[in-house]
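Trainee: Quick note, the sequences are listed as chains A and B, same order. Mind the numbering: the first sequence is residues 0 to 357 in numbering that gives the first Met the number 0, read in order. Mind the numbering: the second sequence is residues 0 to 210 in numbering that gives the first Met the number 0, read in order.
I should point out that these hints are in silico values taken from the structure, not numbers from a laboratory. None of the values given here were measured: they were computed from a predicted structure. Possibly wrong hints are sitting among the right ones.
No more than 25 Å apart at the CA atoms, straight line, and that leaves these computed lysine-lysine pairs for DSS-like [said to hold, decoys possible]:
#1 B:Lys184 - A:Lys340
#2 B:Lys15 - A:Lys312
#3 B:Lys51 - B:Lys82
#4 B:Lys15 - A:Lys183
#5 B:Lys184 - A:Lys315
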Amino acid sequence: MTPKQRVMTALARGQPDQVPWVENEVEEQLQIRIMGGRTDYTPGELCRALGMDGFGYHFPTGGAGTASQALQTSKSIKEAFYFPKKITFDFVPPWIAEMGVEPGGRTYVKRGLLTDRAALKLFDEFLPDPDHPARYEQVAKWIEQYREDYAVYARIRLGTASTIESIGLDVFSLMLFDDPDLVKEIHRRFSEWTVRVVENLNKLDLDFYWANDDHADTKMPWVNMEMYEEFFKPYQKLVADAIRKPWAFHSDGNLFPILDGLVTLGMNAIHPIQPAAMDIGRMKKEYGSKVCLIGNIDLDYTLTLGPPEGVDKEVKERIEVAGKGGGYIISSANSLTDYCKTENVWAMANAVKKYGRY
Amino acid sequence: MADLLGTIKDLCVRGKRVELIAEVKRALAEGIEAKTIMTDALIPAMAVVGEKYSSGEYFLPHMMLGARAMSEAMAALASELAKGTYERKAKAVVGTVAGDFHDIGKNIVKLMLEGGGYEVVDLGVDVSPEAFVAAVEKESPRFVMMSALITLTMDSMRRTIETLKAAGVRDRVLIGIGGAPVTQKFADEIGADFYSQDAYGCVEKCNQLLH
């Protein structure tokens with residue numbers, strides 16, 4: 000099987016020739032370490048180096064490694080969105096938020112700006128035109144140039160993470176009670192933006208989408224099922240209904256309390272099944288007939304702080320538990336961040352080769 | 000009196016802040032001491048909120064709603080409490096550790112601790128080990144609580160504990176840690192006194208350690 004066939008088979012809950020490996024992101028500084036200091040490699044070269052079966056996210060493209068594009072915002076992001084300077088497959092809206100930059104260059108949300116109705120005008124200020132042709136034309140060229148036989152995906156958002164981060168989790172929690180219609184209005188606007196993006200992306204030669212929408216912590220989701228059904232699902236469904244390709248849903252944390260509602264959106268896969276929050280054995284048993292499982296290699300300790308032997312052991316265990324019968328794509332339980340130990344990423348690559356064969 | 004305190008407790012649990020403040024004022028007007036309202040109604044109410052959160056009945060928004068109601072009720076009682084003999088359970092210094100700028104988790108812990116009857120000194124985000132030491136020396140807290148959201152900054156917790164030891168103040172305080180990547184195993188490894196997965200669990204651990 001080609002890497003793409005492997006990924007698409009697993010997304011359809013089938014059993015490929017070996018367990019595929021795809022990451023939601025490999026941060027650029029780590030990519031550069033993996034590539035021995037080079038910055039001018041193609042996505043396929045990175046995939047070959049590690050034995051990965053697909054790519055999306057973004058690449059340094061001969062320049063300096065920069066932080067995740069999924070965490071950017073700026074009033075001037077529109078031009079950068081239309082005319083990307085480096086290879087990217089990201090189509091996420093910017094946070095409507097005041098951002099901070101840590102000394103190492105990592106960005107974080109300081110404060111959401113959509114705290115009242117007057118702030119709705121910021122949508123026009125921050126969100127790029129989702130129908131502007133330039134980015135789609137450029138990405139279409141990159142897909143043609145770099146896809147080889149890998150699975151290529153675009154990262155999008157259903158709108159939930161954008162809503163929560165752009166309001167601020169604390170303000171959002173209270174706004175659900177104080178001004179529920181405003182929460183819905185904000186979510187609807189983000190989701191409708193993504194619907195238009197997806198309608199454009201459907202025309203490209205992409206293989207699947209990866210919708211990144213955190214709405215849980217390790218204990219539980221940030222809303223209960225009733226709130227999920229009222230505040231999130233109707234708008235998430237707008238995007239889900241527009242999607243014409245397989246897609247994976249991403250949220251960190253424990254999704255079990257709302258998972259029965261979530262899976263009715265019809266995604267093909269759930270990621271990252273964070274080990275501290277969700278048991279992958281339970282996921283396989285209860286949801287393995289509905290969705291492909293992606294992830295579960297621990298980022299909190301195994302990949303970042305532990306020894307390579309621990310990575311080897313964990314990959315073996317996960318393939319035994321989740322790989323049975325197919326429908327599993329191995330991946331870190333979030334993304335390969337630049338603070339993963341390089342030797343542990345190589346250990347993961349070796350272990351996938353060693354234990355992944357069906 | 001018991002009925003009125005029961006009503007106050009119930010309103011706080013349900014986060015009904017407008018009605019709560021009205022009932023708190025009515026209780027004061029009827030001669031119920033602010034200290035009694037705190038200890039017999041509001042603090043028990045936040046314990047109920049926390050228990051409901053721990054059991055999965057309440058989610059984050061419900062907990063935040065209860066904490067806001069509690070906070071506003073405390074503000075309404077502040078001048079009366081200042082006149083009397085009400086004492087908070089203990090003082091806690093909280094902060095997000097060096098290199099980490101995420102404050103949501105730390106802020107929720109702060110709210111729940113205040114609701115649980117603790118005095119909280121918030122050092123903010125990106126707090127250096129030296130700033131924790133200075134706060135311990137200045138504030139003489141019983142607890143030091145550290146938060147980290149990403150694995151990258153967890154080591155700042157270790158460094159903070161080492162710095163507290165080097166400054167000779169480690170044994171004056173009980174140290175609690177929390178945050179998404181933090182585990183009990185890590186707490187044991189770095190010599191913290193306790194770990195909690197969530198904000199109310201932190202209040203419960205503090206309560207247990209005081210007894």
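Trainee: Determine for every hint whether it applies to the structure shown.
Mentor: Now for the hints, and whether the structure bears them out:
1. For the given pair, lysine 184 of chain B sits about 20 Å from lysine 340 of chain A by alpha-carbon distance, which is consistent with the 25 Å threshold.
2. Between lysine 15 of chain B and lysine 312 of chain A the CA atoms are separated by roughly 51 Å; this puts the pair beyond 25 Å, and the hint is violated.
3. At most 25 Å may separate the alpha-carbon atoms for a hinted pair to count; lysine 51 of chain B and lysine 82 of chain B exceed this at roughly 33 Å.
4. With a C-alpha separation of about 22 Å, the suggested pair lysine 15 of chain B and lysine 183 of chain A falls inside the 25 Å cut-off, and the hint holds.
5. In summary, the hint linking lysine 184 of chain B to lysine 315 of chain A is supported, as the alpha carbons are separated by about 23 Å, within the 25 Å threshold.
Going down the numbered hints, you'll see the structure goes against 2, 3, while the others check out.
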